[in-house]
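Read the sequence shown against our numbering and you will find it ends at 74, with the numbers running on by one and no gaps.
A few of these clues could be false.
[Said to hold, decoys possible] Label-pair distances were calculated between CB atoms; the ranges are:
1) F36 to A2: 39 to 47 Å
2) F36 to M1: 37 to 45 Å
3) V35 to M1: 36 to 44 Å
4) E17 to V42: 43 to 51 Å
5) V44 to E3: 52 to 60 Å
6) N34 to E3: 28 to 36 Å
7) M1 to Y23: 46 to 54 Å
8) Q4 to E38: 39 to 47 Å
9) Q4 to A25: 45 to 53 Å
[Claimed, not checked] In the PhoX-like style, the derived pairs of lysine-lysine whose C-alpha atoms are separated by at most 25 Å in a straight line are:
10) K29 to K15
11) K18 to K30
12) K18 to K29
Don't read these hints as lab results, they were simulated from the structure. In this text, a Cβ means the ideal position worked out from N, Cα and C, and glycines have one as well.
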Amino acid sequence: MAEQILNVQEEVRLKLEKFNVRYKAASDKKRRENVFEEGDMVMVYLRKERIPAGFYKQVESKEVRAVQNCKDDQ
Numbered sequence: 001m002a003e004q005i006l007n008v009q010e011e012v013r014l015k016l017e018k019f020n021v022r023y024k025a026a027s028d029k030k031r032r033e034n035v036f037e038e039g040d041m042v043m044v045y046l047r048k049e050r051i052p053a054g055f056y057k058q059v060e061s062k063e064v065r066a067v068q069n070c071k072d073d074q
């Protein structure tokens with residue numbers, strides 16, 4: 001009985017992986033690569049959940065704006 005359940009779980013896992021690969025391939029067809037050079041102007045949208053607590057009110061008025069792309073040293 002336990003072996004049968006493990007077999008079913010393995011089959012389901014393999015099917016999910018197969019369909020996830022198919023779904024990713026279909027989604028990637030529509031996706032385009034964004035290539036920015038240093039100094040390009042880009043639009044930035046600051047989402048509330050991505051900003052530390054208490055800091056959002058300080059940048060709320062600057063939520064959507066165009067900024068100059070700068071080199072990321074990380």
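Checked hints:
no.: 1; hint: F36 to A2: 39 to 47 Å; result: violated (54 Å)
no.: 2; hint: F36 to M1: 37 to 45 Å; result: violated (57 Å)
no.: 3; hint: V35 to M1: 36 to 44 Å; result: violated (55 Å)
no.: 4; hint: E17 to V42: 43 to 51 Å; result: violated (35 Å)
no.: 5; hint: V44 to E3: 52 to 60 Å; result: holds (54 Å)
no.: 6; hint: N34 to E3: 28 to 36 Å; result: violated (49 Å)
no.: 7; hint: M1 to Y23: 46 to 54 Å; result: violated (33 Å)
no.: 8; hint: Q4 to E38: 39 to 47 Å; result: violated (59 Å)
no.: 9; hint: Q4 to A25: 45 to 53 Å; result: violated (32 Å)
no.: 10; hint: K29 to K15; result: holds (22 Å)
no.: 11; hint: K18 to K30; result: holds (20 Å)
no.: 12; hint: K18 to K29; result: holds (17 Å)
Hints 1, 2, 3, 4, 6, 7, 8, 9 from the list above are not met by this structure, while the remaining hints are.
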